[in-house]
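With the sequences and hints as input, model every part of the structure.
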Amino acid sequence: MSQSAHHLAAVIDKNKKRNKNSRGKKNKQRISSEQLPFPMGEQPTGSSVDPHDASAPHYATATEARVVPYDENLLERARTQWQFGDWESLAKLDRDTLQHHPDRARLALLAAAGHQQQGDTGTARQLIRLAQDWGCSKRLVSQIMVAGVYNTLGRAAALAGHSPRMLQHFQAAIATGGSGGDVRLLSQVRTSQQLAQLGLPEGLKTPQSTCTTVHVSRAVSRGETVQAVAEQLRAQSAQVAEEMKRQSADLVNVRKALEQTVKNEILNATKQIEAFLGIQSYINGGDLLPDMHGWPISPDFALYLIELLEANDYDLVIEFGSGTSTVLIAKTLTKAAARREGKLPARHVAFEHLEEYERKTLSALRKAGLADSVQLQLAPLEPYAAENGTVYPYYSCQDTLAQLALSIHRDGLRVLVMVDGPPAATGKHARYPAVPLVHAHFVGAQLDVLLDDYIRDDERQIAQLWLVDINRWGLTGRLIEKKMEKDACLVYVRNAGQC
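According to UniProt numbering, the sequence shown is numbered sequentially starting from 1.
Any given hint might turn out to be false.
To be verified - Listed next, the in silico EDC-like pairs over lysine to aspartate or glutamate satisfying Cα-Cα at most 20 angstroms (straight line): (1) Lys138 - Asp182; (2) Lys486 - Glu265; (3) Lys343 - Glu265; (4) Lys331 - Asp313; (5) Lys367 - Glu382; (6) Lys335 - Glu356; (7) Lys428 - Asp457.
If you are wondering where the hints come from, they were derived from the structure by calculation, not from laboratory data.
So this is what it looks like as structure tokens:
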């Protein structure tokens, strides 16, 4: 043990003996320093002090500490005063008295309750902030504040002569504050104390019985008291509302943080699994699997896309937006080509408005040996005037669609339209033009429209706009929702005879 530690222990032992031998003395001793607004060895939340930083504030060490007395019964006495509703006594607790007490956080909160009930909301706020700085939880602060509102409501009911309601509010105040005692008995004591403070008879029953015992001058005083209580209640209500609003915002932030943390952990785990599968795929067949999270399509959407292609003998696949899906579609159509007996292989065209992503998609197709299987076209966004009068920035694709319609025109043409672009940031209902454009060039074709990101409100609204258009064109439309990571929907567009 160091010399300073020996010295500190000797000081503590000496003072303990002095307290023990002092006749009738109830105060204990506590090591602290006048330089600190908090106990020795305890620093405010979030503080970080460099011991070698000469500019940092000086904190007392054990050798600099001195003995500061504190009342070991103060917290119990203050708790009893709060239970009884002795607000005057609680309001007398000052910062100097609380500063070095081990239970200063709770004491500051009880003192705030006293000031609050006496209408001194400014001091109450200061003490509440002090209690929180000293470690008092937001939950306990809310309990005491709400209990104060109940107490004020009880005082208002007493002034109105409503005994049952008054007692109910005082009981709620005791219960909300979490006294831990007999709520019924404590509320009786609280009632007596509050009636005395209001200058009302303890046998309060009804407004009529009260009025018969009160002098006219006292009625005037009571009117002033009613007004004071009403003002106090308004102030407390605003204070509680403000605190609840802050806590609600904190809860929302915590929930969002937890959701993001969980999402990040799941995404990381999924990427590890994908990486492992990618290594296996490369070792077994020499192919690397594309990324399927974040901006690209999700694995469940990719699987559903493959199932659609396998189950339906499409003649043409049109993509608005390129990427991972382009590679998957090309590979699936290549495998399905052998099953198209007597037919030409299905055509596949993909439109991409960003040169960077067009290059990335082309690179992925080349790595997979599928570059010649897809008509990948760089199609910058251009104004498209829809029939509804709105102008949308959309892919410059009309010439290509017209050429496709002429080259593969046949009865019963089956077309899959995959809509995964342009991005929502392009504008409201950015993906809406897909169906009107394809319908204009492929009249009579059976269209299956697959829309990604259906979890978003914008995409849901777009799908409903499509259904309205389909009905206006005299066609039949049917929408099927698919629950996935980002959700999707499939819209069937048919002539009356094709249903």
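Here is how each hint holds up against the structure:
The hinted pair formed by Lys138 and Asp182 fails the criterion: a straight-line CA distance of about 25 angstroms is larger than 20 angstroms. For the hint linking Lys486 to Glu265, the alpha-carbon distance of about 17 angstroms falls within 20 angstroms, and the restraint holds. For the hint linking Lys343 to Glu265, the alpha-carbon distance of about 47 angstroms lies beyond 20 angstroms, and the restraint is violated. The suggested pairing of Lys331 with Asp313 holds, with an alpha-carbon distance near 15 angstroms, which does not exceed 20 angstroms.
A threshold of 20 angstroms between alpha carbons decides the hint, and for Lys367 with Glu382 the separation of about 31 angstroms lies outside it, so the pair is violated. The suggested pairing of Lys335 with Glu356 is violated, with an alpha-carbon distance near 29 angstroms, which exceeds 20 angstroms. With a CA separation close to 10 angstroms, the supplied pair Lys428 and Asp457 stays within the 20 angstroms bound.
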